[in-house]
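J.: In case you want the letters, here they are:
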Amino acid sequence: MTQQDLHNQRLLKEAEQKVMHQHTRRHFIKESAMGLGALALGSMFGSCGNSSSSTTANLFDAANPLAPKAPMFPGKAKSVIFIHMAGAPSQLELFSYKPELAKLDGLECPQSLLEGKKFAFIRGVPKMLGPQANFRQHGQSGTWMSDYLPHLSTMVDDMAIINSVTTEQFNHAPAQLLMHTGSARLGRPSMGSWVTYGLGSENKNLPGFVVLTSGGNNPDAGKSVWGSGFLPSVYQGVQCRSEGDPVLFIKDPAGMDRDLRKASIDAINKVNQQQYEEYKDPEILSRIAQYEMAYKMQISVPDVMNINDEPAAMHEMYGTSPGEASFANNILLARKLVEKGVRFVQLFDWGWDMHGDSSGNAVNIGLVNKCRKVDKPITALLLDLKQRGLLDETLVVWGAEFGRTPMRENREGKEMLFKGRDHHAEAFTIWMAGGGIKGGVTYGETDEIGYSVVSGKTEVYDIQATILNQLGFNHEQFTYESQGRPFRLTDVSGKVITDILA
Amino acid sequence: MTVVSSKKIIILAVLIVIIGGLAFFLYQPKKIDYNTQVKPILNKNCISCHGGVKQKAGFSLLFREEALANTESGRPAILPGNPDESELIRRITVSDPEERMPYKHAPLAKSEISILKQWIKEGAQWGEHWAYLPVENEPIPTSSNKWIRNNIDQFIFQKLKNENLSPSTEADKATLLRRVSLDLIGMPPNNSLIKNFLQSTSTNAYEQLVDSLLASPAYGEKWTTLWLDLARFADTRGFEADRRRSIWKYRDWVINAFNNDKPYDRFITEQIAGDLMPDPNDALYIATAFHRNTMTNDEGGTENEEYRTAAVVDRVNTTWSGLMGTTFNCVQCHSHPYDPFKHEEYYKFLAFFNNSRDEDTQAEYPLLRQYKTEDSIKLREVVKWVNQNVSEQKSKEYYKFLKTWQPTINSLQCDQFVNGALISSWYAGLRNNGTCRLKNVVLNKKSQVMYRYNTKHDGGNWLIYLDSLGGKLLKAVPLQNTKGSWKVAVSNIPETDGKRVLYFKYHNPGIKSPDENGVVFEWFQFGENFPGKEKPGFDSTFKYFNDLLYADVETTPIMIENNAEQFRESNVFIRGSWLEKGPKVTPGVPHILNPLPAGAPKNRLGLAMWLTDKKNPLVARTMVNRLWEQLFGTGLVETLEDMGTQGSAPSHKELLDYLSYKFMNEYQWSIKKLVKEIVLSATYRQDSKVNENLLQKDPANKWYARGPRIRLTAEQLRDQTLAVSNLLNDTMYGKSVMPYQPEGIWRSPYNGDKWVVSTGGNQYRRSLYTYLKRTAPFPSMITFDGGAREVCIIRRIRTNTPLQALNTLNDSSYIIMARNFAINIRQNAGKDPSAQIKRGYEWMFYKPITTNKLNALIQLYQTAFNKFSKDKNATNEMLGGDSRNANPETAAMVVVANALFNLDEWVNKN
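Chains G and B, in that order, are what the protein sequence lines are.
Per my numbering, the very first residue in the first sequence carries number 1; after that it's consecutive.
Per my numbering, the very first residue in the second sequence carries number 1; after that it's consecutive.
Heads up, a few of these hints could be off.
Stated by the list, open to error - If you want a taste of the chain B side facing chain G, the calculated C-beta under 7 angstroms gives, among others: (1) Asn-691; (2) Arg-796; (3) Asn-800; (4) Ala-805; (5) Asn-807; (6) Asn-810; (7) Leu-860; (8) Lys-867; (9) Asn-902.
Worth flagging that the hints you see were computed from the coordinates, not collected in a lab.
From a predicted model like this one, the values you see are computed outputs, not experimental measurements.
Built from N, CA and C at the ideal position, the CB exists for glycine as well.
Isolated chain G (complex conformation) (with noise of 0.2 angstroms):
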């Protein structure tokens, strides 16, 4: 064994005990002992509340259900961007600068970080994998990014990068669930749908909460992460398409000119009025509300998923060729979106699923590839909302699912062809920018090979309490009485991340 050897296989040791020292309780609760008795006592006092809940009125107004509304508090933020990696990028090749899991490469993976463990692929005992991108210090702040995303790494210093995110499901369509819905089962609503019911949406000619999918493949959990859950059906997410008919059925039939169309409209409705005022059924005024969001739809949305018009520089500077179905033309259109006044705009981007198993699925080549088509679009919205005054009121918000190891994927216990790390629920990275948040911050530790965390545990309930915080909401006090008791969007748990607030 070489010196070398020798040094690796104690960085690796003591790894390994920092992380069993960080994770014992007695540690954890000293430094939050007093934090939680304040926080005991003011919930004794203040939520006596809790048991009447025939108090929470929900705020659904069947005859206007997409109204502006009020938040609880002015928030920092009227609108969200989302942007959903789906399949889960490599923090560990992006954001997280690790120099000392580089000097592990090659090296057996310690049973203790194994022993109780489980992995979507990796069987036995895998190796390390240092990282594949090179670090460099950004901006004033001097925060940490790799060069594949060597546009974005200007933007560091408007960029709260969150390295200490955890999650509870290591699988796609689960883990997706629970980040948009604080649910890894199917059924509770979207984040998008809790926003637009409490907020409304400030354009009736577009839906409040848009999706749009790039990458071939529509996110694994499917259409359940922008549904409504039990929330009143016109809070469920409205997916585009950026090529084809923007929506499906957006065209009127051949021979029915707009006016035309309008006056069916108008016909539909009165009917359906009289059907109101005998039956008195409020989904009826519900549905009388979306026939004339669907006139409107069929004008709006076609003109704002126009991209031809925009100009030459724009293109230049996003990265966009109008016709094609590009994350960033998807991404060029949230921020068109956003500024005729969409609440929350959802990007999923399929194809971060790097295992390792292909050429496109390494994170030395195929990482890089998905690399080049994101960087400049976001790197553009970035400052295009910033030039158009928008971005202290959009809250960006980029992540994914769950994290990768520090570990190559070994799957059934083989090497693979291919350089790639499985799923990791204990550690990865989203970065929060604009909507009031700080920026040049990094928040959170993980342990030095990127495996756990080690200071300021995130949890994705922490992620949806900070998002709502921006928008003017209380999480634990925004609620939805369903099937005789109230629901929120964080469940049980969740805090603010005050840290990363400007």
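Keeping the supplied structure of chain G fixed, place chain B upon it in accordance with the hints.
T.: Chain B alone, transformed into the frame defined by chain G:
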């Protein structure tokens, strides 16, 4: 500072607890009920750390014996009768945040603490959750209110009285006619039924209508949709490539079962275990396709055992959620967090399903082979001859083999490839001098090997060695060139014995390139020579047998049980991982439920006997709840998917039990009888109008003070519009069809398959025949809340969105329907547009249109007419190039018809 404030906190907290406790004891008259009072507190606050998943500090509250046992501290946390000495009470009331439970969460409310104290004082008794207790024959309330028509109404009326509500009167005849037709046959009734019912003055008219609808073949088609959701029936296999699967015969089997009112116990039994019933015919085999609707992963390089296991797990989960309304899938990884199911019990249950023959093969074996008529005759001859000349037992074996190609060994069982590979993870492929291994082959009394293979080369030899590559050469089999197609061949082998390991080698000096594939095998069968060689008729029978191996057949994936040679052991999977096998298990059912019936075999047939045992508390309740939900929009237990402690509480538990008991006993599991009782009730027949007072008191119609008013399903909506516009092709059964859908919906990687619109009226078949591709379902089905059926769809959640409006307004299919309807009413419903619209409305709703509604539509007609009078081109377009009808009048009527098909009253049943 800190000291002072901590003390204050403690004093305050203690005071609150004391006051709260005192207040509670003073006002607590009744004994605490575990299910309704204690369990909700535990579920909400404690179970996530002290339950099935985690048992922190060695303490679990799931079962009484666990909760009263010693914890890590060496003492129990609950001392029945003694709350003050119980650690549990101390820990929820203590002020030190490091000790106080729930840890890191808000403390329990005073009232909750009091309940727990009193409960421990009263002995800390556990109660069984209602859904796990046997179905009771509930006494029927005996109100004499005139509104009441049958026993259902007695139960409903009692609750209404408690809630201070009164029921609504009966809906008008027209509304009732449309409601009950959509509910029973999923589309409008035929003209004679309409006429008979509306004109009849008999008090029996409604019941006669119901009987006619129940007898209509369209009844089976309607209710099949419900079952296809549960059975996750689709026309493709799912996952990345999502290739086609031919399993539509199962759909047709379900239609027939509903139409013949196959008793539900028999219905389930045939689907779970038809292949294990005596002498299964084609129908019994096809019934078992129920559990072959699981996904198959065709992606190259996947581990077949992983996806075989995934399919088995899906069968377990579907059996529980679909047939027993229980979320059992949590138990896959750990004991149930809330309900009394143990981790090991999942795998005991899984063991029932773990011995089916399917192995995620590309061909989806085992398949039922259905022969054409002349081949069927040959099959009958072979079976008859073997029966007469050899034995009945042998004739059954040959029948099974010719019908299913089972038992065979899939070549994907081969391993240790050298100079060869498992091609695309399904087929053993060998190059020149390539070798591989096949384990666990029973060779006792085996005199031949039959094999299905494919080679493009002459002169190849397949060498079979015993025990090792250096072992005894059992046989050198010359392989005839199949010229790239699959062939079945037979070779004699010398008899040997035991369960042996075989090594295969392919030798062909004619192949020069080392990378070139020599032979590919699909399956092997080690067996006996065709029997009765000495008997008359052998030659012709043997020829028939060989003909049948190559016959052109229709196939359907089915269940076949492994024989003794192929028996698979079952294990607990540690934390749910199929690679981490724990202790061995044998088939068994959860201890909390009814035991396996006496004499039930420990296989799928025994499982079916257990499910349909009247002592099973879940099966009848789940189906009754589901049927109720179909008719009323919400189940008596709202969460169809979960009747466990985390599900909604039943709104009418006694009614659920009354119906479930009757379903099993008096009705002998007849679904038609049960459905009839429900639709004959006054509860079902109520008017669905609501007023502000009622809306406020019961917004969701939980107490049924009004009739059901719910949006139609995707299928009902499309079918009724096809029917009223006279386009519906009511041909039953057969391969799935492709109605019009927009371009670019199908987009699967690695699969160039295309949606080709059906012709010859097939595009207008009922919606349950629409082709369902899992990764790209038919858009209007999804828009109206149908699902992709990748897994069991337990409940469709209804939505109301602008996309639905766009669909029925603009989808070409709906425009075609509007055209046809417009042409019809112009031809057959009077001269002037007003009369035509009136009549058209009556065709749709069986009642006259109100003046206000009519006026709105006449105004639309006029606007459209004026426009089309001036625009010939638009007129032509509106009629889709139908020059015979391209006049402004018809074009305007198309616009009106389009509006009619978008009315709220059309999209809903009222």
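J.: Now look at each hint and say whether the structure bears it out.
T.: Hint check results:
Interface restraint check for B:Asn-691: the shortest CB-CB distance to chain G comes to about 6 angstroms, inside 7 angstroms, so the restraint holds. Because the beta carbon of B:Arg-796 sits about 12 angstroms from the nearest beta carbon in chain G, more than 7 angstroms, this interface hint is broken. The beta carbon of B:Asn-800 is positioned within 7 angstroms of a beta carbon in chain G (closest approach about 5 angstroms), and the interface hint is therefore held. Against a cut-off of 7 angstroms between C-beta atoms, the interface hint on B:Ala-805 holds, since the closest Cβ of chain G lies about 4 angstroms away.
The interface hint given for B:Asn-807 is met, as the beta carbon of that residue sits about 5 angstroms from the closest beta carbon of chain G, less than 7 angstroms. The restraint placing B:Asn-810 at the interface with chain G holds, with a minimum CB-CB distance near 4 angstroms, inside the 7 angstroms limit. This hint holds: B:Leu-860 has a C-beta 4 angstroms from the nearest C-beta of chain G, less than the 7 angstroms allowed. Hint on B:Lys-867 holds. Least Cβ distance to chain G is approximately 6 angstroms, under the 7 angstroms limit.
Interface restraint check for B:Asn-902: the shortest CB-CB distance to chain G comes to about 5 angstroms, inside 7 angstroms, so the restraint holds.
Comparing the model with each earlier hint shows a violation of hint 2 alone; every other hint is respected.
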